[in-house]
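Chain order of the listed sequences is A and B. If you're matching positions, the first sequence starts at 1 in our numbering and goes up one per residue. If you're matching positions, the second sequence starts at 1 in our numbering and goes up one per residue.
FYI, nobody ran anything at the bench for these hints, they're computed from the structure. Idealized CB from N, CA, C, for every residue including glycine. A portion of the hints provided could be inaccurate.
Stated by the list, open to error - Between beta-carbon pairs, the in silico distance windows are:
| no. | chain 1 | residue 1 | chain 2 | residue 2 | range |
| --- | --- | --- | --- | --- | --- |
| 1 | B | D357 | A | D215 | 52 to 60 Å |
| 2 | B | A394 | A | G187 | 46 to 54 Å |
| 3 | B | P65 | A | D401 | 53 to 61 Å |
| 4 | A | A413 | B | G215 | 31 to 39 Å |
As the list claims (entries may be wrong) - Just a few of them, taken from the derived set where beta-carbon distance is under 8 Å, the chain A residues facing chain B:
| no. | residue |
| --- | --- |
| 5 | S12 |
| 6 | F20 |
| 7 | P21 |
| 8 | V23 |
| 9 | Q143 |
| 10 | M153 |
| 11 | S157 |
| 12 | V329 |
| 13 | E332 |
| 14 | F364 |
| 15 | P438 |
| 16 | L442 |
| 17 | A446 |
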Amino acid sequence: MSVLDRTSQPRSGPIRHFDFPEVERRSLSNGLDLRVARLTRLPVVSVRLFMRSGESALGLDRSGLAMLTADALDGGTRRRSGTELAQAMEGIGARFGASGGWEGTSASLYCLADRLSEALPLLAEAVLEPSFPEDEVARAKEQHLAGLRQRNMDPGSLASDAALARYFAEGVPYARSGDGTEESIAGVTRDDLRGYAEVNYRPQGGGLIVVGDVDTAEIAEMAEGCFKDWTGSPGSVADFEVVPASTERRVLVVHRPGAVQSEIRVGHVGADRLTPDYFALSVANMALGGTFTSRLNLNLRERHGFTYGVRSRFSFRTRPGPFEISTSVGNEVTAAAVGEILAELRGIADGGPTDEEVSSARDFGAGIFGLQLETVGQIASRVSQLVVYGLAEEYYREYRDRMRGITTADAAAAARRHMRPDEAQVVVVGDADVVGPPLEKLGLGAFEMSRGQPVD
Amino acid sequence: MSLDVPIERHRLDNGLRVVLSPDRTVPVVAVNLWYGVGSRNEVPGKTGFAHLFEHMMFQGSAHVPKNRHFELIEKVGGTLNATTWFDRTNYFDNVPSHELELALWLESDRMGWMLPAMDQEKLDNQRDVVKNEKRQRYDNQPYGDWGERLQKLMYPEDHPYRHTVIGSMEDIDAATLQDVEGFFRTFYVPNNAVLTVAGDIDPEGALDAVARYFGDITSGAPIPALPGKLELEPKLGTTVRDHVVAEVPLPRLIMAFRTPPFSSDEFSVSEVCHALLGMGSASRLHRSLVRERRIAKSVMSYQFPLLTGASMFLTWATGYPRTDLAELEVALAEEIEGLRGAEQGEVDRAIALAETDFVHALEHAASRADQLSMFELYFDEPDRVNTMLDRLRAVTVDQIRSFAEEHFGPDNRAVLAYEPGAARGDE
């Protein structure tokens with residue numbers, strides 16, 4: 001065997017062409033937007049039923065209701081109890097779930113393709129004919145409240161929730177977590193859930209996405225059978241402007257006595273999903289904190305050893321969601337870490353990423369896109385984004401070219417527009433007695449300490 | 001439905017076992033390495049070292065500077081990581097298939113030429129990173145010490161599963177560069193590893209590339225015997241307990257049992273028991289504790305696929321603020337013991353769901369590769385990927401009933417209870 005030259009990296013092989021699968025679009029007789037992609041690799045199928053009724057359309061007093069209603073869908077239908085519904089689904093090996101989010105509610109199904117004709121009617125039954133029995137509603141509610149209690153004692157969730165209220169003005173739904181509050185959930189009744197589903201689980205503006213080893217004509221017929229009598233539009237409609245809580249930089253320390261680490265969040269109002277800056281901003285964010293070799297991670301983890309990891313991300317929603325840097329660090333380095341985070345944020349906002357960073361980031365973005373199209377679930381979730389955000393049908397076919405087309409100037413301009421270190425809100429959940437004084441000394445802006453609400 | 005994952009097995013002259021599994025439908029390839037070393041190989045005073053060492057494997061090698069591995073894989077749109085576990089450590093790179101050689105070059109360079117790149121600064125840096133990982137994932141988390149407490153209940157003083165994978169702060173602090181060198185020379189040798197390449201490959205070309213990159217790595221000495229006393233009584237002999245008052249949001253009861261090791265034929269029986277108890281919302285624990293009796297917010301069951309002496313079968317129930325832990329324990333035990341009366345109908349449901357989950361796992365080249373490496377390293381039998389479902393289907397109701405009779409009684413039980421309250425500070 002000849003001696004291998006290990007000093008330089010191997011040359012790439014020939015690239016194999018690979019396209020996003022063809023998505024066929026049909027409209028059912030009730031107006032439901034059906035999208036089907038055929039993938040025959042394994043005999044499985046993934047289904048998403050999206051309804052445009054989510055937490056964005058709820059005021060603070062009803063917050064969490066979309067999530068809770070979706071969670072309670074496993075409580076049974078007019079035809080079968082919750083246990084019978086679960087047995088019917090699982091007996092044919094089908095995984096069923098429903099969840100409420102900001103933009104809407106999704107019911108999902110994953111099963112072997114030859115079981116779909118049995119499983120899809122069950123999904124339809126669960127969503128269109130829920131009975132919300134009293135005891136199942138009580139269970140779902142108590143589970144939800146216990147979940148809120150867990151969030152309140154989890155330092156990471158505590159930090160994220162506290163930070164949202166510092167980014168968004170009071171009254172903006174995004175100023176809270178999607179789970180609602182103890183007050184908004186405690187008063188919910190069975191009639192509230194029934195009413196919510198009745199008014200909001202409607203086909204208009206939603207979609208049915210089916211990906212897997214299936215035939216479009218057969219699916220259309222099957223779906224028509226399941227959904228033809230289902231009509232109307234969701235009654236609750238999101239109607240708000242995103243307003244920041246402050247455009248001044250501020251620091252909040254939430255006391256967690258005896259904490260051995262500080263949870264840090266630094267952020268502000270970000271951008272919406274349809275912003276023309278989407279690709280440029282994604283590239284800029286990858287350079288800042290979106291990859292392992294980003295500036296933040298190389299600085300805080302690999303240079304300083306402050307943390308196990310740090311990341312930054314934009315939550316792109318129909319309206320501008322949060323832009324946030326998050327990490328957890330040792331007590332003694334908390335102030336130093338916040339200083340480094342803000343320095344890196346300023347660096348990228350003022351100077352933009354370098355040519356090399358931009359080239360790496362867009363190659364990563366374009367490359368990983370293809371890597372994440374292996375499973376029917378991954379593809380179904382991509383297709384449902386088209387429906388949720390109203391993206392063009394050709395969006396994924398152009399995705400990689402658009403990512404690769406981003407220049408250093410594009411990324412710098414997007415960073416300048418959407419990353420604003422002077423408006424950043426800093427939130428630290430940790431032992432305030434230890435980390436408070438050094439943080440205050442940084443002099444970053446208005447400084448506040450919260451001793452927190454007692455949990456009980 | 002039967003599975004037919006194509007499998008080719010090879011062994012290089014230096015002892016490296018190679019598994020190839022082509023699937024050309026998506027242009028993705030998974031490069032996956034399992035080294036036969038984990039926390040069970042750690043000697044007293046060196047707990048957490050296998051995991052710290054895993055971090056050091058990302059600090060560069062003779063021809064690859066620090067961070068370059070990440071940079072190069074991310075630049076081609078790939079993903080990479082590694083995990084450390086009781087019995088093994090795995091490393092994986094998932095890349096577009098035209099970058100197969102890049103991943104092979106990076107993995108072979110650190111398998112063969114890691115030591116020239118090591119220095120004290122890198123060790124000190126990763127020591128800090130790992131200590132922060134421990135704080136973030138364990139010390140600063142409600143219930144974060146459950147694994148440590150449970151392992152102490154389940155395994156005796158001198159057994160290698162007595163300590164956690166993350167180890168102790170003191171031992172992590174005490175690690176030296178000499179330890180890194182010794183560990184590398186002892187365990188990170190081709191004769192202690194399995195390399196699986198799964199996905200969009202031509203097997204012949206892939207094998208040729210593997211041989212080119214890995215063929216000239218020197219073989220090591222045979223792997224030393226595991227430290228400690230490995231033999232275990234098949235049962236705990238009694239119910240052992242740990243009651244913790246801690247700042248946790250909700251009461252939680254963890255109930256665990258000593259069960260036959262992964263290598264045992266009985267393991268597929270306990271796998272089905274797990275599915276009956278905790279898989280899906282028609283499962284026993286969910287139906288009874290969560291839905292009907294409403295004394296638990298959530299439940300789960302899990303079984304550790306462990307090799308040495310005995311495995312661990314685990315269930316837990318998280319209560320509501322009003323839930324009484326003693327009542328929760330009785331209810332949990334009742335449901336588990338209830339498997340003595342398991343019925344065919346529920347077994348059919350469990351198998352149907354397990355089938356779906358199993359096919360789902362095969363959708364990813366990365367998880368196919370991971371399973372192939374596991375079965376090759378542990379059992380010299382990667383084809384278990386194709387026969388595993390049949391093994392589950394072959395489990396009978398009678399086997400489940402007698403398994404429950406044998407293993408789930410009060411003479412083989414560890415009970416770890418978390419009660420919300422002000423921590424008593426027992427350390």
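- Minimum Cβ distance from F20(A) to chain B below 8 Å? violated (12 Å)
- Satisfaction of the hinted span 53 to 61 Å by the C-beta atoms belonging to P65(B) and D401(A): Distance hint for P65(B), D401(A) is violated at roughly 32 Å.
- Query: Given M153(A) was flagged as interface, is its beta-carbon under 8 Å from a beta-carbon of chain B?
  - Reply: holds (4 Å)
- Hold the hint about V23(A) up to the distance rule: shortest CB distance to chain B must be less than 8 Å. Hint violated; V23(A) Cβ to chain B Cβ min 17 Å, cut 8 Å.
- Hint status (Cβ of V329(A) to nearest Cβ of chain B, threshold 8 Å): holds (7 Å)
- Using the beta carbons of A413(A) and G215(B), state whether their distance is inside 31 to 39 Å or not. violated (50 Å)
- Message: For the restraint on A446(A), tell me whether the closest CB of chain B is nearer than 8 Å.
- Response: violated (27 Å)
- Message: Hint validation: L442(A) versus chain B, beta carbon distance must be below 8 Å. Holds or violated?
- Response: violated (21 Å)
- Message: Is the interface hint satisfied for S12(A)? The criterion is a beta-carbon contact with chain B at less than 8 Å.
- Response: holds (5 Å)
- Message: Just to be sure I understand the hint, the distance between the Cβ atoms of D357(B) and D215(A) should be within 52 to 60 Å; is that true here?
- Response: violated (25 Å)
- Query: Does Q143(A) meet its interface restraint, that is, does its C-beta lie within less than 8 Å of any C-beta in chain B?
  - Reply: This hint holds: Q143(A) lies near chain B, its Cβ roughly 5 Å from the closest one there, short of 8 Å.
- Item | Evaluation of the interface hint that places F364(A) against chain B, nearest CB under 8 Å | Holds. Min distance 5 Å.
Consistency note: the structure conflicts with the earlier hints numbered 1, 3, 4, 6, 7, 8, 11, 13, 15, 16 and 17.
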